[in-house]
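Enquirer: In case you want the letters, here they are:
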Amino acid sequence: MISYLWPRFLVERDLRRCIRCGVCTRQCAFEVHHLYEEEDWVYSDESACVGCLRCVTLCPTKALVVRPNPTQPPPNANWTTEYLQNIYKQAETGGVLLTGMGCDKGYPVYWDRMVLDASQVSNPSIDPLREPMELRTYLGAKPDSLEVERVEGRPVLHTKLAPQLELAVPIMFSAISYGAISYNACESLARAAAELGTFYNTGEGGLHRNLYRYGKNTICQVASGRFGVHADYLEVAAALEIKIGQGAKPGIGGHLPGEKVTGEISRTRMIPRGTDALSPAPHHDIYSIEDLAQLVYALKEATDWEKPVSVKIAAVHNSAAIASGIVRAGADIVVLDGIRGGTGAAPTMIRDNVGIPVELALAAVDDRLRREGIRNRASLVVAGGIRCSADVVKAIALGADAVYIGTAALVALGCHVCQRCYTGKCNWGIATQDPRLTRRLNPDVGARRLVNLVRAWSHEIMEMLGGMGINAIESLRGNRLKLRGVGLNQEELEILGIRHAGR
Amino acid sequence: MSVGKGISVIRRGKLPRFVEDSTGYEVVLRAEGLHWRELNRLVKREAARGAARIKLEGVCGHRYIGTGVREPVELVVRGVPGNDLGAFMNGPRVVVYGNAQDGVGNTMNGGEIIIHGRAGDILAMGMRGGRILVREGVGYRAAIHMKEYGNCRPVLVIGGGVQDFLGEYMAGGLVVVLRLHGRKGEFERARHVGTGMHGGLILVRGEVGEQQLGREAACVPADEGDLEILGPLVEEYTRHFGGDPDQIMSGVFTRIYPRSHRPFGGLYAY
Amino acid sequence: MLREAVLRDEKDFSACSIFGMMSPSGKRVNGEPIIRAMANMRERSNGLGGGFAAYGIYPQCPDLYCFHVMFDDHVARKQTEEHLRRDFEVCDSGPIPTRPCDGVENPPLLWRYFLLPRSTDDCDIGEEDRVVRVVMEINVKVDGAFVFSSGKDMGVFKGVGFPEDIGRFFRLEEYEAYLWTGHGRFPTNTQGWWGGAHPFNILDWSVVHNGEISSYGINRRFLEMYGYSCTLHTDTEVVAYAVDLLLRRQGLGVEEMAAVFAPPLWSEIDRMEEGKRKLHAALRQVYGSLLLNGPFSVIISNRRQMIGLTDRIRLRPLVVGSGRDFDYISSEEAPMRLLDDTVSETWIPWGGEAVVFELKEEAVPELTVPIEVFRSEVPLAARGTGRAEG
Chain U
840 MISYLWPRFL
850 VERDLRRCIR
860 CGVCTRQCAF
870 EVHHLYEEED
880 WVYSDESACV
890 GCLRCVTLCP
900 TKALVVRPNP
910 TQPPPNANWT
920 TEYLQNIYKQ
930 AETGGVLLTG
940 MGCDKGYPVY
950 WDRMVLDASQ
960 VSNPSIDPLR
970 EPMELRTYLG
980 AKPDSLEVER
990 VEGRPVLHTK
1000 LAPQLELAVP
1010 IMFSAISYGA
1020 ISYNACESLA
1030 RAAAELGTFY
1040 NTGEGGLHRN
1050 LYRYGKNTIC
1060 QVASGRFGVH
1070 ADYLEVAAAL
1080 EIKIGQGAKP
1090 GIGGHLPGEK
1100 VTGEISRTRM
1110 IPRGTDALSP
1120 APHHDIYSIE
1130 DLAQLVYALK
1140 EATDWEKPVS
1150 VKIAAVHNSA
1160 AIASGIVRAG
1170 ADIVVLDGIR
1180 GGTGAAPTMI
1190 RDNVGIPVEL
1200 ALAAVDDRLR
1210 REGIRNRASL
1220 VVAGGIRCSA
1230 DVVKAIALGA
1240 DAVYIGTAAL
1250 VALGCHVCQR
1260 CYTGKCNWGI
1270 ATQDPRLTRR
1280 LNPDVGARRL
1290 VNLVRAWSHE
1300 IMEMLGGMGI
1310 NAIESLRGNR
1320 LKLRGVGLNQ
1330 EELEILGIRH
1340 AGR
Chain D
14 MSVGKGISVI
24 RRGKLPRFVE
34 DSTGYEVVLR
44 AEGLHWRELN
54 RLVKREAARG
64 AARIKLEGVC
74 GHRYIGTGVR
84 EPVELVVRGV
94 PGNDLGAFMN
104 GPRVVVYGNA
114 QDGVGNTMNG
124 GEIIIHGRAG
134 DILAMGMRGG
144 RILVREGVGY
154 RAAIHMKEYG
164 NCRPVLVIGG
174 GVQDFLGEYM
184 AGGLVVVLRL
194 HGRKGEFERA
204 RHVGTGMHGG
214 LILVRGEVGE
224 QQLGREAACV
234 PADEGDLEIL
244 GPLVEEYTRH
254 FGGDPDQIMS
264 GVFTRIYPRS
274 HRPFGGLYAY
Chain B
1258 MLREAVLRDE
1268 KDFSACSIFG
1278 MMSPSGKRVN
1288 GEPIIRAMAN
1298 MRERSNGLGG
1308 GFAAYGIYPQ
1318 CPDLYCFHVM
1328 FDDHVARKQT
1338 EEHLRRDFEV
1348 CDSGPIPTRP
1358 CDGVENPPLL
1368 WRYFLLPRST
1378 DDCDIGEEDR
1388 VVRVVMEINV
1398 KVDGAFVFSS
1408 GKDMGVFKGV
1418 GFPEDIGRFF
1428 RLEEYEAYLW
1438 TGHGRFPTNT
1448 QGWWGGAHPF
1458 NILDWSVVHN
1468 GEISSYGINR
1478 RFLEMYGYSC
1488 TLHTDTEVVA
1498 YAVDLLLRRQ
1508 GLGVEEMAAV
1518 FAPPLWSEID
1528 RMEEGKRKLH
1538 AALRQVYGSL
1548 LLNGPFSVII
1558 SNRRQMIGLT
1568 DRIRLRPLVV
1578 GSGRDFDYIS
1588 SEEAPMRLLD
1598 DTVSETWIPW
1608 GGEAVVFELK
1618 EEAVPELTVP
1628 IEVFRSEVPL
1638 AARGTGRAEG
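Chains as they are written, first to last, in my numbering: chain U, 840 to 1342; chain D, 14 to 283; chain B, 1258 to 1647.
To be clear, the hints were calculated from the coordinates, so they are not data collected in a lab.
Do not rely on the hints blindly, as some may be mistaken.
[As the list claims (entries may be wrong)] The calculated SDA-like cross-link candidates involving lysine to any residue, where the alpha carbons are at most 25 Å apart (straight line), are:
{"#": "1", "chain 1": "U", "residue 1": "999", "chain 2": "B", "residue 2": "1505"}
{"#": "2", "chain 1": "B", "residue 1": "1533", "chain 2": "U", "residue 2": "1331"}
{"#": "3", "chain 1": "D", "residue 1": "197", "chain 2": "B", "residue 2": "1505"}
{"#": "4", "chain 1": "D", "residue 1": "57", "chain 2": "B", "residue 2": "1606"}
{"#": "5", "chain 1": "B", "residue 1": "1535", "chain 2": "U", "residue 2": "973"}
{"#": "6", "chain 1": "D", "residue 1": "197", "chain 2": "B", "residue 2": "1525"}
{"#": "7", "chain 1": "D", "residue 1": "197", "chain 2": "B", "residue 2": "1581"}
{"#": "8", "chain 1": "D", "residue 1": "197", "chain 2": "B", "residue 2": "1606"}
{"#": "9", "chain 1": "U", "residue 1": "901", "chain 2": "U", "residue 2": "915"}
{"#": "10", "chain 1": "B", "residue 1": "1535", "chain 2": "U", "residue 2": "908"}
{"#": "11", "chain 1": "U", "residue 1": "944", "chain 2": "U", "residue 2": "984"}
{"#": "12", "chain 1": "B", "residue 1": "1533", "chain 2": "U", "residue 2": "1145"}
{"#": "13", "chain 1": "B", "residue 1": "1533", "chain 2": "D", "residue 2": "196"}
{"#": "14", "chain 1": "B", "residue 1": "1533", "chain 2": "U", "residue 2": "1206"}
{"#": "15", "chain 1": "U", "residue 1": "928", "chain 2": "U", "residue 2": "951"}
{"#": "16", "chain 1": "U", "residue 1": "1139", "chain 2": "U", "residue 2": "1191"}
{"#": "17", "chain 1": "B", "residue 1": "1535", "chain 2": "U", "residue 2": "996"}
{"#": "18", "chain 1": "B", "residue 1": "1398", "chain 2": "B", "residue 2": "1483"}
{"#": "19", "chain 1": "B", "residue 1": "1533", "chain 2": "U", "residue 2": "1001"}
{"#": "20", "chain 1": "B", "residue 1": "1535", "chain 2": "U", "residue 2": "1169"}
{"#": "21", "chain 1": "B", "residue 1": "1398", "chain 2": "U", "residue 2": "1207"}
{"#": "22", "chain 1": "D", "residue 1": "197", "chain 2": "B", "residue 2": "1522"}
{"#": "23", "chain 1": "B", "residue 1": "1535", "chain 2": "U", "residue 2": "998"}
{"#": "24", "chain 1": "D", "residue 1": "197", "chain 2": "B", "residue 2": "1604"}
{"#": "25", "chain 1": "U", "residue 1": "999", "chain 2": "B", "residue 2": "1606"}
{"#": "26", "chain 1": "B", "residue 1": "1533", "chain 2": "U", "residue 2": "1207"}
{"#": "27", "chain 1": "U", "residue 1": "901", "chain 2": "D", "residue 2": "278"}
{"#": "28", "chain 1": "B", "residue 1": "1533", "chain 2": "U", "residue 2": "1215"}
{"#": "29", "chain 1": "B", "residue 1": "1535", "chain 2": "U", "residue 2": "982"}
{"#": "30", "chain 1": "U", "residue 1": "1055", "chain 2": "B", "residue 2": "1525"}
{"#": "31", "chain 1": "B", "residue 1": "1535", "chain 2": "U", "residue 2": "887"}
{"#": "32", "chain 1": "B", "residue 1": "1535", "chain 2": "U", "residue 2": "1207"}
{"#": "33", "chain 1": "U", "residue 1": "999", "chain 2": "B", "residue 2": "1508"}
{"#": "34", "chain 1": "U", "residue 1": "999", "chain 2": "B", "residue 2": "1524"}
{"#": "35", "chain 1": "B", "residue 1": "1533", "chain 2": "U", "residue 2": "991"}
{"#": "36", "chain 1": "B", "residue 1": "1617", "chain 2": "U", "residue 2": "991"}
{"#": "37", "chain 1": "D", "residue 1": "197", "chain 2": "B", "residue 2": "1528"}
{"#": "38", "chain 1": "B", "residue 1": "1535", "chain 2": "U", "residue 2": "995"}
{"#": "39", "chain 1": "U", "residue 1": "1139", "chain 2": "B", "residue 2": "1398"}
{"#": "40", "chain 1": "B", "residue 1": "1398", "chain 2": "U", "residue 2": "1206"}
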C-alpha cells in the first residue's frame, strides 16, 4: 500500500557548511540522514524525521535546519494536517493512534491565566538573596491539633506525628518507570533528588538494584501491574505510592512491549525477558474505595507504619469527591495528575481528550477537603504540566503542598518533546533501552543538569515569595489571595477561588 | 527669659563650636507640647542664626531631630528622641542623654551622633559618612546597607550587643561591637550577621559563632591591623561613656568580613 | 452598611501604633494615661481608626459576658437582641455612654449587653464555644450588626478617629482597668470603618496589631476549617481567632503559640536538642498555615496576661519596659517614659519571642456580688459605667 503521509518536517542542509562528517547520520536513530561518502553527498529522508533536533544540536558546522513542512493540505479549518495524517495512518494500519509525552492540544493553561501579587510599602518585599527564605516542606498526614505536656515547666510534645517526607524544595520528580526511560535517566533523577534533598518516583517499573542506595530519596510506586514490587522494594523506599491513574491516560492501563523487556528490565520488573509487561486499567484488588483503604493499610502494615502512603489519580471530573474518599481511606498524600501530564506511550485520543486541567482539579480538591475539615489529614501534590517556577508558585498558592515535574525534568536531560517516546528510538538517550542511545546520557551530566534546574527554580521561587512579603513556603500554600485571574470567566474564577485582576 | 513658644532660655555667649575654629551661642529649647515640625523648625532657625549648641529638653518621641540641619551645631537631647534621629544628616553633632528609638542615622552622610543609652532597630541604615557611638546595645538590622564612597567612610561603635541582621547587605564602613553592656546573650543570640555583606568590616569583641553569620560573611580572629583601627575608637568610646580602654582592648576580637564583593555574580542563567 | 464598607476589599491592612500597660498587682487606672500615650504616637496613625481594650472595668459583674455591639439601625439591634435572647439571659442592656467629640463623626449605634448564658442540655459544646458561635452568627447573619467585644469584666472601645478622640468619645476617663491596650490606625487601602478599628476581640482575648500579615489568605482558610468566620477581612481578626483556637480550644501554651505565629527558622530548629526540635518541627508541620508571615507586632491580652510578640525577623517595632506599678509594651519607647518616670529598664524583644506579663495570683479579680443579687438591683446601664463611684 502506498503511504499517503507526507513529511511533517523539512530538513535543510547548507551544503557550503556541511563537511560530510557523518555526525547526523550516526546521531539519528530514525535513520533520516544517509551519508554517501564516495559521492560526497548526504541525503536526508524527511519522512522519518520526528523533529527532535538532535542532529541540529550536534552538527559541528551548524549546517542543518529542521522546520515544519510548509506543504499543507488545502486550507480548511476543520480538516487540518493532523486529522488527515491520523486518518491516513489508521487507514494504512488499522491501528490505534499512539503518542508520547503530554496532551498538546490548546486547552486553556490556567497557570497562564493567573498572575501573582507583590508587596508595595505596607508590607516590605523580602530580599531572598540575603534574608532567610524557607522552602522546606513536609508531606504526610498532620493531626488537627498537637498535645503538648508540661514536664517540669517545659513543654514536651505528646502527639506522635504520622511519618513525613522532608523536602528541601517543594518539587519532586514524577513517576517515570525504568523501561519507559533508560537506566541512565533513572540514575540521573535519583542522584539529583538525593543532592537536592527531594524525591524521585520509580514509576511502576520496579527499582534497579544499583539505585537502592538512593532509597532515602525514592518514592516507590505500586501500580496495577505490581512489577518489581516485593519486600525489599517496599523496604528501601522513603514512601510508597499507589498509582490509580495517570493524567496522560486516565482510565486505561498500558503495556511495555516485549522488545523493551531486556535483561536488566526483566530483572527489575521481575518478569521474563521479552514478554509484554501489561498494566491493567484498574488494580484488580481495588474495585471500590474500601478496597483502596485495604491496599493503603496493607502497605502501611508491610512497612511497619514508617512510611507515608501516597495515592495518585488522574484529574477527572469528580476528582474532589474521589480525593476526599482517598483521604478517608487513609492516604497520607494525594497526587493529582492533570491532562497535560506526560507518558511514555498513550493512545492519542485518550491523551488529548480525557481528563481535566490540573489547576481546576487542584482548586476543587483543596476546597473540598477544607470544607470537610480533612485538609490536614493529607498532603496534596500536583503533576502534569508544570513548566516553570511560576507554575510551581501558582500551584502552591492554589493549595498544593508540592509538585511533581516529569516532562520538565526530561527536558532538562535533553528531551525536545518530539512525542515519540513510544518508538524506543529516543535520540537523546532518555526514552530508549538501546545501549547505543542510552550511553548518550551520562548520569553525571544528567544529575548536574537536573540539580541546576531545580536550584534555579528554587531561587526564582524565593524571589517570588520575597516579592509577596513571605519568607516561608507554608504561608503561600493555599493562599489564593496571592493570585488573580486574567481573562477568566466568573465560573472559572469561582472554581479557582480567586478574584479577577483589578479587584 | 522666655522668648517664644518652646524657647525658654537663650544665652548669648562665645561658645566654641565642636568642629570649627569658631564660636556661637547656646540655646535651650523646650520640646514639651511642641510637634516635631515646630521643634525642628526652631532648631533649624537657631542653627542658621549661628548657635553653637542647642539643648533640647523634654524630648519625647519627636522625630527627625538633626535632619535637614547643615550647620556645624551641637544638639544636646534630653529625653527620648523619636524615630529617624539624624536622618540624612550632614554636619551636626547630636548627643542624646537617654535611649534612642528606631532609624537613628538613616542615610546619614556626615556629622556625629552620641547616644548615652540604647538605640532601636535599623540603626545607621544606608549610612555613608560620619560616626555614631552608642553606649549600650542596639536592635535589629544595625548598619544595614552601610556603605562607603570616596572619602566617606562611616563608623559605628556599639557598646553593648546587637540583635539579628547586623551588617546586612553591608557594602562599606566600619562597625565595632564591644559587648560591654546589655542583657544576657545580647550578642550570642544574634543571627544572620553580615548576611549579603559585600563590603566593609565588622570588629566584635569576643568570639563569634559560625552559626551567627549569614552565608556571605566570614570571620577570623582580629589581627594587628584591626587592633590599630580599634584602639582610637575604643578610646573615643571611653572618653564619651567612661570605662578603661586598656581593659576593653585586652580581650579577644573577631573580624567579620565579606567573602566576596560580588556574592551574587553567578546567580543568573546567561 | 457596616460590612459593605469593608467587603469591597479582600483585606484591610494598616501601619499603626500599639501600646499596652498592665499592673501585675491588679492596680487600676482610668483611661487617661493610655490616651496620652496614644496621642504621643499620633504620627503613626492617620485618624481612620483608634481603639482600646480595658480589663477589670465591670467589677460589679465579672462573671457576665459583656457584649459591645455596633448597629446600623434599630432594626439590626432588634434582630440581634432576638438572637441574643435565644442563648442568653440578658441581665442588662443599654447604649454605651459616649460624648460628642470633635474628630469623631457618624458613630453607629453603640450598645452593650450583660449576658448570662442559658443552661443547656447540649453537652457537646462548652459555654465559651457557644458564645463564640453566637458572635459569629450575629456578625455573619445579621445585616448591620457587629459584636466587637464579648469578654467578661472587660470591654473594647473603638471607632473611626484618632485614638485620643475615640478615647474621649467613649469617656474612658470614667473606666478603671488594670490592663489597657490601645491602637492607632493608619489604614492603607480601606476607608476607615468602625468595626475595622482595633482591638479585635473574641471572649476575653483581644489583639492590637501593627503591620500587614502577608499570609492572611491561608491563615483565614485554615481557621475557617475550625469554624471561624473571618467576616471583617482584616489580618488582625485572624490573629484573634488563631489565639482562641490555639490557647483556649487546643490548650497550647503561650510559648507554643509564639512558635506557631513566629516560628524559629528551620536552620535554628535543626540545631535544637532533640525534644525541643521535635516539638518545634511538629508545631511548624501541623500549624504551618497559622504562621503569621510578614511584618507584625501584636499585643495580645486576656484577663490574666499581656503578651507582646513580633514576627520572626522582626519587621515591626516593639519595645518593652517595666515601671514600679505597670509594665509596658509599645511601638515606641517615648510614650512609656511620658507616662511613667519609674520606668527603669527598656528592651527590645527578639523576633518571635513572646514577652508575657502576668497578673499576680492574688490579684485575680473576684466576683464580689452574687449575680442573682446584682441582677435584681439597679440596671447597669443606669449606673453609667464601671467607674467605682461608691
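Enquirer: Against each hint, give a clear statement of whether it holds in the structure.
Expert: Cross-check of the supplied hints:
Distance hint between residue 999 (chain U) and residue 1505 (chain B) is fulfilled; the C-alpha atoms sit about 21 Å from each other, no more than 25 Å. A C-alpha spacing of about 45 Å is found between residue 1533 (chain B) and residue 1331 (chain U), which places the hinted pair above 25 Å, so the restraint is violated. Only pairs whose Cα atoms come within 25 Å are accepted, and residue 197 (chain D) paired with residue 1505 (chain B) is rejected, the gap being roughly 33 Å. Taking the CA atoms of residue 57 (chain D) and residue 1606 (chain B), the gap is about 35 Å. The hint is violated against a cut of 25 Å.
Restraint check: the Cα-Cα separation between residue 1535 (chain B) and residue 973 (chain U) comes to about 18 Å, which is no more than 25 Å; the hinted pair holds. A hinted pair counts as satisfied when its Cα atoms are at most 25 Å apart, and residue 197 (chain D) with residue 1525 (chain B) qualifies at roughly 19 Å. Note on residue 197 (chain D) and residue 1581 (chain B): the hinted pairing holds, with a Cα-Cα distance of about 22 Å set against a maximum of 25 Å. Pair hint residue 197 (chain D) plus residue 1606 (chain B) holds up; C-alpha atoms about 12 Å apart against a cutoff of 25 Å.
Distance check on the hinted pair: residue 901 (chain U) and residue 915 (chain U) sit about 36 Å apart at the alpha-carbon level, beyond 25 Å; violated. For the proposed pair residue 1535 (chain B) and residue 908 (chain U), the alpha carbon gap of about 61 Å is over 25 Å, so the pair is violated. As the CA atoms of residue 944 (chain U) and residue 984 (chain U) are separated by approximately 44 Å, the hinted pair breaks the 25 Å bound. A C-alpha spacing of about 22 Å is found between residue 1533 (chain B) and residue 1145 (chain U), which places the hinted pair at or below 25 Å, so the restraint holds.
Restraint check: the Cα-Cα separation between residue 1533 (chain B) and residue 196 (chain D) comes to about 24 Å, which is no more than 25 Å; the hinted pair holds. Simply put, residue 1533 (chain B) and residue 1206 (chain U) have alpha-carbon atoms about 34 Å apart, too far for the 25 Å limit, and the pair is violated. Of the supplied pair hints, the one linking residue 928 (chain U) and residue 951 (chain U) is violated, its CA atoms being roughly 34 Å apart against a limit of 25 Å. At most 25 Å may separate the alpha-carbon atoms for a hinted pair to count; residue 1139 (chain U) and residue 1191 (chain U) exceed this at roughly 35 Å.
A threshold of 25 Å between alpha carbons decides the hint, and for residue 1535 (chain B) with residue 996 (chain U) the separation of about 7 Å falls inside it, so the pair holds. As the CA atoms of residue 1398 (chain B) and residue 1483 (chain B) are separated by approximately 18 Å, the hinted pair is consistent with the 25 Å bound. The suggested pairing of residue 1533 (chain B) with residue 1001 (chain U) holds, with an alpha-carbon distance near 18 Å, which does not exceed 25 Å. About 24 Å separates the Cα atoms of residue 1535 (chain B) and residue 1169 (chain U), which keeps this hinted pair within 25 Å; it holds.
Using a Cα cut-off of 25 Å, the hinted pair residue 1398 (chain B) and residue 1207 (chain U) holds, with the two alpha carbons roughly 23 Å apart. Of the pairs offered as hints, the one joining residue 197 (chain D) and residue 1522 (chain B) holds, with about 22 Å between alpha carbons and a cut-off of 25 Å not exceeded. Note on residue 1535 (chain B) and residue 998 (chain U): the hinted pairing holds, with a Cα-Cα distance of about 10 Å set against a maximum of 25 Å. Under the criterion of a C-alpha separation no larger than 25 Å, the hint pairing residue 197 (chain D) with residue 1604 (chain B) is consistent with the structure, at around 12 Å.
With a CA separation close to 32 Å, the supplied pair residue 999 (chain U) and residue 1606 (chain B) exceeds the 25 Å bound. As the CA atoms of residue 1533 (chain B) and residue 1207 (chain U) are separated by approximately 35 Å, the hinted pair breaks the 25 Å bound. Restraint check: the Cα-Cα separation between residue 901 (chain U) and residue 278 (chain D) comes to about 31 Å, which exceeds 25 Å; the hinted pair is violated. At roughly 23 Å between alpha-carbon atoms, residue 1533 (chain B) and residue 1215 (chain U) fall within 25 Å of each other, so this suggested pair holds.
At most 25 Å may separate the alpha-carbon atoms for a hinted pair to count; residue 1535 (chain B) and residue 982 (chain U) meet this at roughly 15 Å. For the proposed pair residue 1055 (chain U) and residue 1525 (chain B), the alpha carbon gap of about 23 Å is at most 25 Å, so the pair holds. A threshold of 25 Å between alpha carbons decides the hint, and for residue 1535 (chain B) with residue 887 (chain U) the separation of about 59 Å lies outside it, so the pair is violated. At roughly 31 Å between alpha-carbon atoms, residue 1535 (chain B) and residue 1207 (chain U) are farther apart than 25 Å, so this suggested pair is violated.
Proposed proximity of residue 999 (chain U) and residue 1508 (chain B) is supported: the alpha carbons are some 17 Å apart, at most 25 Å. Note on residue 999 (chain U) and residue 1524 (chain B): the hinted pairing holds, with a Cα-Cα distance of about 22 Å set against a maximum of 25 Å. Restraint check: the Cα-Cα separation between residue 1533 (chain B) and residue 991 (chain U) comes to about 14 Å, which is no more than 25 Å; the hinted pair holds. Between residue 1617 (chain B) and residue 991 (chain U), the direct Cα distance comes to roughly 20 Å. Compliance with the 25 Å bound is thereby established for this hinted pair.
Between the alpha carbons of residue 197 (chain D) and residue 1528 (chain B) the distance comes to roughly 20 Å, so the proposed pair stays at or under 25 Å and holds. Annotation: proposed proximity of residue 1535 (chain B) to residue 995 (chain U) holds, straight-line Cα distance about 9 Å (limit 25 Å). For the given pair, residue 1139 (chain U) sits about 46 Å from residue 1398 (chain B) by alpha-carbon distance, which is inconsistent with the 25 Å threshold. Between the alpha carbons of residue 1398 (chain B) and residue 1206 (chain U) the distance comes to roughly 22 Å, so the proposed pair stays at or under 25 Å and holds.
In summary, the numbered hints that this structure violates are 2, 3, 4, 9, 10, 11, 14, 15, 16, 25, 26, 27, 31, 32 and 39.
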